[in-house]
Amino acid sequence: MSRTAAIGWAAGVAALAVLPFAVRNVFLLHVVILVFMWTVLGAAWNVLGGFAGQVSFGHAALFGIGAYTTIILFLKAGVAPWWGILAGGVAAAVGSVPVGLICFRLRGPYFSLATLAVAELAKLVALNWEWLTNGPVGFLITTLPPLSLFGHPVDWEAKAPFYALAALLMLVALGSTAWLSRSRLGAFLVAIREDEDAAEAVGIDTVRAKVLTLALSGFLAGLGGGFYAFYFRYVDPDAVLNIGLSMEMVFIAMVGGLGTVAGPFIGAVFLTTIGEAVREHFQVGHLIFYGLFMMIVIRFLPEGIWGRARLAWARGRTGARRHGAA
Amino acid sequence: MALLECEGLTRLFGGLRAVGSLSFEVGAGEIVGLIGPNGAGKTTVFNLITGFLRPSSGSIRLDGREIAGLKPHEVTRRGVARTFQIVKPFPGLSVRENVTLAAFLRHRSRGDAESEADGVLDRVGLAHRADARAGELTLMDQKRLEMAKALATAPRVLLLDEPMGGLNPSEVDVASAIVLKVRQAGVTVVLVEHVMKAIMRISDRVVVMHHGEKIAEGPPASAVRDPAVIAAYFGHRAA
Amino acid sequence: METLVQSLVSGLLTGSLYAMIGIGLTVVFGVMRIINLAHGEMVMLGMFAAYFSQKLWGIDPFVSVLAWAPLMFLFGMLLYRTLLRKVVPGGELNTLLYTAGLSLLVANLALFAWTGDYRTINLPYGLTPMRPFGIAVPAALAIGFALAVAITGALWAFLNRTDMGRAIRATSQNREAAVLMGVDVERVAVVTFGLGTALAGAAGVLLAPSLYLYPTVGELLVVKSFVIVVLGGLGSVPGAIAGGLLLGVVESLGAVYVSATYKDGLGYVIFLLVLLYRPAGLFGVGKS
Numbered sequence: 001m002s003r004t005a006a007i008g009w010a011a012g013v014a015a016l017a018v019l020p021f022a023v024r025n026v027f028l029l030h031v032v033i034l035v036f037m038w039t040v041l042g043a044a045w046n047v048l049g050g051f052a053g054q055v056s057f058g059h060a061a062l063f064g065i066g067a068y069t070t071i072i073l074f075l076k077a078g079v080a081p082w083w084g085i086l087a088g089g090v091a092a093a094v095g096s097v098p099v100g101l102i103c104f105r106l107r108g109p110y111f112s113l114a115t116l117a118v119a120e121l122a123k124l125v126a127l128n129w130e131w132l133t134n135g136p137v138g139f140l141i142t143t144l145p146p147l148s149l150f151g152h153p154v155d156w157e158a159k160a161p162f163y164a165l166a167a168l169l170m171l172v173a174l175g176s177t178a179w180l181s182r183s184r185l186g187a188f189l190v191a192i193r194e195d196e197d198a199a200e201a202v203g204i205d206t207v208r209a210k211v212l213t214l215a216l217s218g219f220l221a222g223l224g225g226g227f228y229a230f231y232f233r234y235v236d237p238d239a240v241l242n243i244g245l246s247m248e249m250v251f252i253a254m255v256g257g258l259g260t261v262a263g264p265f266i267g268a269v270f271l272t273t274i275g276e277a278v279r280e281h282f283q284v285g286h287l288i289f290y291g292l293f294m295m296i297v298i299r300f301l302p303e304g305i306w307g308r309a310r311l312a313w314a315r316g317r318t319g320a321r322r323h324g325a326a
Numbered sequence: 001m002a003l004l005e006c007e008g009l010t011r012l013f014g015g016l017r018a019v020g021s022l023s024f025e026v027g028a029g030e031i032v033g034l035i036g037p038n039g040a041g042k043t044t045v046f047n048l049i050t051g052f053l054r055p056s057s058g059s060i061r062l063d064g065r066e067i068a069g070l071k072p073h074e075v076t077r078r079g080v081a082r083t084f085q086i087v088k089p090f091p092g093l094s095v096r097e098n099v100t101l102a103a104f105l106r107h108r109s110r111g112d113a114e115s116e117a118d119g120v121l122d123r124v125g126l127a128h129r130a131d132a133r134a135g136e137l138t139l140m141d142q143k144r145l146e147m148a149k150a151l152a153t154a155p156r157v158l159l160l161d162e163p164m165g166g167l168n169p170s171e172v173d174v175a176s177a178i179v180l181k182v183r184q185a186g187v188t189v190v191l192v193e194h195v196m197k198a199i200m201r202i203s204d205r206v207v208v209m210h211h212g213e214k215i216a217e218g219p220p221a222s223a224v225r226d227p228a229v230i231a232a233y234f235g236h237r238a239a
Numbered sequence: 001m002e003t004l005v006q007s008l009v010s011g012l013l014t015g016s017l018y019a020m021i022g023i024g025l026t027v028v029f030g031v032m033r034i035i036n037l038a039h040g041e042m043v044m045l046g047m048f049a050a051y052f053s054q055k056l057w058g059i060d061p062f063v064s065v066l067a068w069a070p071l072m073f074l075f076g077m078l079l080y081r082t083l084l085r086k087v088v089p090g091g092e093l094n095t096l097l098y099t100a101g102l103s104l105l106v107a108n109l110a111l112f113a114w115t116g117d118y119r120t121i122n123l124p125y126g127l128t129p130m131r132p133f134g135i136a137v138p139a140a141l142a143i144g145f146a147l148a149v150a151i152t153g154a155l156w157a158f159l160n161r162t163d164m165g166r167a168i169r170a171t172s173q174n175r176e177a178a179v180l181m182g183v184d185v186e187r188v189a190v191v192t193f194g195l196g197t198a199l200a201g202a203a204g205v206l207l208a209p210s211l212y213l214y215p216t217v218g219e220l221l222v223v224k225s226f227v228i229v230v231l232g233g234l235g236s237v238p239g240a241i242a243g244g245l246l247l248g249v250v251e252s253l254g255a256v257y258v259s260a261t262y263k264d265g266l267g268y269v270i271f272l273l274v275l276l277y278r279p280a281g282l283f284g285v286g287k288s
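Protein chains in written order, with the working numbering: chain V, 1 to 326; chain X, 1 to 239; chain S, 1 to 288.
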């Protein structure tokens with residue numbers, strides 16, 4: 001990777017390591033944790049929507065599979081958070097494959113509408129298959145396990161363990177996105193976005209590429225869902241399978257910048273911090289702000305905040321080169 | 001055994017018989033022209049061979065192995081590549097990136113794929129435009145790119161869909177020379193074309209289609225004198 | 001047998017109003033290729049308009065619709081002119097997401113202003129159902145149905161007998177050709193969006209006496225309208241009518257014969273099946 005990128009990653013990881021010692025305010029740490037979680041979710045959507053160009057309105061279903069898997073494994077089998085969250089990611093990835101095989105036969109808006117229907121169906125299933133999901137009652141974690149990591153007992157009441165978990169998941173999400181953007185699969189996705197038929201004609205297995213990408217996207221969304229289950233300790237169909245969640249994931253990726261690596265993080269920072277601030281001061285209406293912000297970004301910054309920043313930086317560099325070389 | 005054969009190939013669209021019981025063979029190393037008036041079904045035949053359409057019945061064989069009904073990427077993998085009548089580049093990417101993507105089929109690493117791409121670009125005469133954005137090329141260069149993408153998949157059979165369309169006479173000569181070079185390198189070519197000068201000059205044989213069926217076949221000079229062919233193009237009075 | 005007829009009738013009545021909502025959505029898609037995710041909110045606004053005009057001024061919804069429909073038409077034109085017009089050139093995805101943002105904004109502004117309490121409109125004559133041929137028909141639904149038919153008839157006349165109506169149909173069939181024929185497609189777009197909004201709003205007014213009103217009802221309705229529009233074929237007005245009636249009947253029969261909880265699910269499953277196997281709609285008239 002380029003030197004600037006390497007420096008960026010190193011600085012980012014260093015900042016992550018230092019932050020919990022610098023910031024002591026519990027509310028602020030909570031907001032930071034939320035930003036990390038939403039980065040993971042935005043990145044999950046971005047993998048499919050930004051890189052593969054497949055706009056899904058049903059990602060809440062993958063998030064929900066992760067959340068339910070994690071919480072059920074913990075409550076029924078005592079599986080520790082880190083394994084449970086991983087299992088949640090895997091379950092969502094596996095669950096995404098049949099969905100992909102069905103929905104990828106459709107293109108453009110038809111695909112998006114199909115994902116919407118699938119997500120609503122998932123919510124109906126969660127509401128009605130009580131033997132699996134406890135129906136509308138959902139699951140509640142009352143006590144978290146007395147665990148220790150490397151000899152230190154984990155204090156679940158503090159923010160620190162959740163901060164660490166969220167930061168780790170965020171690095172996984174951003175790291176996978178970075179890997180994807182440089183891989184052969186990533187190149188295939190660009191081709192598919194540009195012209196799907198032409199991509200098939202040059203030997204690219206478009207269905208396989210899309211399904212693999214969806215599986216990665218599902219994995220990340222499932223990780224986010226698993227984290228949600230442990231952090232908020234309550235999972236029910238309305239909380240984890242509602243269409244608002246799907247839309248928020250889309251918004252974060254769009255606001256940050258589709259198809260970029262850092263976009264979801266920027267989008268999460270903007271939407272989450274200001275959303276939480278609005279929620280603190282006005283109690284309600286943070287969604288009003290989301291809708292408005294979304295409209296403003298699409299109207300004036302369609303490449304997203306980070307996307308526009310990158311464009312401006314690139315133009316600035318070419319300009320400097322042109323002026324400098326003369 | 002012929003390299004590519006169609007036998008009884010048929011495709012119906014509701015009540016319309018776009019291709020009806022078409023049978024023809026292409027031998028290794030040949031350049032075969034597929035000609036006929038507009039609407040004869042020529043592009044449909046290409047779509048059937050390359051998997052963009054499923055045949056209603058009939059068989060398509062490459063080297064004796066059935067390929068009818070396979071998905072396009074699989075057909076390309078087996079060794080049949082195509083160009084599109086209206087060029088389909090990846091417009092936002094550079095010329096080199098376009099061809100590299102195609103080269104990935106046979107070369108795993110990016111480095112190998114890029115070298116292969118550069119080689120192909122050289123052969124079609126686009127090396128000097130390797131960094132240009134594909135969407136901004138002239139028509140002639142877009143046609144070169146279209147061919148380069150297909151060639152980068154290392155095909156055994158290359159299907160060219162009206163490659164000369166929209167080119168001026170000197171460009172037609174250049175394009176014809178490229179096709180001949182491609183055949184010399186060992187690739188079998190089937191081309192759909194309306195520009196008769198090119199067909200006459202470069203094809204070994206032509207297959208003439210009308211209303212979805214084959215009406216004549218043979219060396220270009222004799223095929224175009226066949227009364228059935230003249231009637232198809234110009235009407236019965238002219239024949 | 002009587003239950004069957006009862007549910008069929010009930011389904012058709014509700015379906016007629018669903019159809020109006022569907023027509024509004026499909027006509028906007030047909031002309032401008034816009035998938036308007038805020039369409040449900042337009043219905044919601046119509047519902048609340050009916051509610052408040054009844055509560056504050058005592059005007060019956062079936063009367064106030066005569067005022068609200070044209071007002072919603074103007075509102076739709078305004079929305080398009082001020083908000084959507086600059087966004088549409090950015091592409092279908094951007095427009096789609098923009099309307100998603102608009103939907104969120106409108107629904108939550110309404111939630112903020114009117115709270116999430118469920119409301120109902122109680123009409124004095126709505127209590128005793130009419131009984132033609134022994135079938136119980138709620139008066140509100142019957143009148144709503146009659147007005148929906150009238151409005152749809154007026155729309156049909158407009159689309160087929162007036163110049164603007166023909167311009168709309170032409171643009172929907174082939175935009176480039178319409179431009180070449182001298183149709184002012186921008187004006188057509190503004191009018192069409194106004195029309196779509198008016199139909200949604202009017203449907204909301206007519207539905208108000210029969211449903212629970214709450215600010216986020218749009219979420220449920222927009223998904224239903226997509227099911228309708230896909231069933232009938234994107235862009236087809238007769239298709240939307242058929243789709244709306246079909247959905248109304250399927251839901252009604254589903255609630256009685258399958259289960260009340262799964263009736264929505266039935267709609268989604270049919271929706272997916274149609275998308276996969278008949279994307280041009282059940283009647284094959286939709287555009288892709």
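Keep in mind that the hints were calculated from the coordinates and are not lab data.
Keep in mind that the hints are not guaranteed to be accurate.
Said to hold, decoys possible - Straight-line alpha carbon distances no greater than 25 Å define the calculated DMTMM-like cross-link-like pairs of lysine to aspartate or glutamate that follow:
1. K71(X) <-> D155(V)
2. K88(X) <-> E130(V)
3. K88(X) <-> D112(X)
4. K181(X) <-> E7(X)
5. K263(S) <-> E303(V)
6. K263(S) <-> D197(V)
7. K263(S) <-> D195(V)
8. K88(X) <-> E74(X)
9. K71(X) <-> D195(V)
10. K181(X) <-> D226(X)
11. K86(S) <-> E303(V)
12. K88(X) <-> D118(X)
13. K88(X) <-> E219(S)
14. K181(X) <-> E213(X)
15. K88(X) <-> D117(S)
16. K197(X) <-> D173(X)
17. K76(V) <-> E157(V)
18. K71(X) <-> E303(V)
19. K88(X) <-> E7(X)
20. K71(X) <-> D173(X)
21. K88(X) <-> D238(V)
22. K88(X) <-> E157(V)
23. K88(X) <-> D195(V)
24. K71(X) <-> E276(V)
25. K71(X) <-> E97(X)
As the list claims (entries may be wrong) - Coverage of chain V stretches by chain S, computed from C-beta distances (three or more under 8 Å per stretch; other residues unrestricted):
26. 229 to 238
27. 248 to 254
28. 289 to 302
Remember, predicted model here, so these are calculated numbers, not experimental data.
C-beta: ideal position from N, C-alpha, C; glycine also.
Against the structure, the hints:
| no. | hint | verdict |
| --- | --- | --- |
| 1 | K71(X) <-> D155(V) | 55 Å, violated |
| 2 | K88(X) <-> E130(V) | 51 Å, violated |
| 3 | K88(X) <-> D112(X) | 24 Å, holds |
| 4 | K181(X) <-> E7(X) | 29 Å, violated |
| 5 | K263(S) <-> E303(V) | 40 Å, violated |
| 6 | K263(S) <-> D197(V) | 38 Å, violated |
| 7 | K263(S) <-> D195(V) | 39 Å, violated |
| 8 | K88(X) <-> E74(X) | 19 Å, holds |
| 9 | K71(X) <-> D195(V) | 16 Å, holds |
| 10 | K181(X) <-> D226(X) | 30 Å, violated |
| 11 | K86(S) <-> E303(V) | 15 Å, holds |
| 12 | K88(X) <-> D118(X) | 20 Å, holds |
| 13 | K88(X) <-> E219(S) | 39 Å, violated |
| 14 | K181(X) <-> E213(X) | 31 Å, violated |
| 15 | K88(X) <-> D117(S) | 55 Å, violated |
| 16 | K197(X) <-> D173(X) | 9 Å, holds |
| 17 | K76(V) <-> E157(V) | 22 Å, holds |
| 18 | K71(X) <-> E303(V) | 34 Å, violated |
| 19 | K88(X) <-> E7(X) | 29 Å, violated |
| 20 | K71(X) <-> D173(X) | 34 Å, violated |
| 21 | K88(X) <-> D238(V) | 45 Å, violated |
| 22 | K88(X) <-> E157(V) | 58 Å, violated |
| 23 | K88(X) <-> D195(V) | 7 Å, holds |
| 24 | K71(X) <-> E276(V) | 49 Å, violated |
| 25 | K71(X) <-> E97(X) | 24 Å, holds |
| 26 | 229 to 238 | violated (count 0) |
| 27 | 248 to 254 | holds (count 3) |
| 28 | 289 to 302 | holds (count 9) |
The earlier numbered hints that this structure contradicts are 1, 2, 4, 5, 6, 7, 10, 13, 14, 15, 18, 19, 20, 21, 22, 24 and 26.
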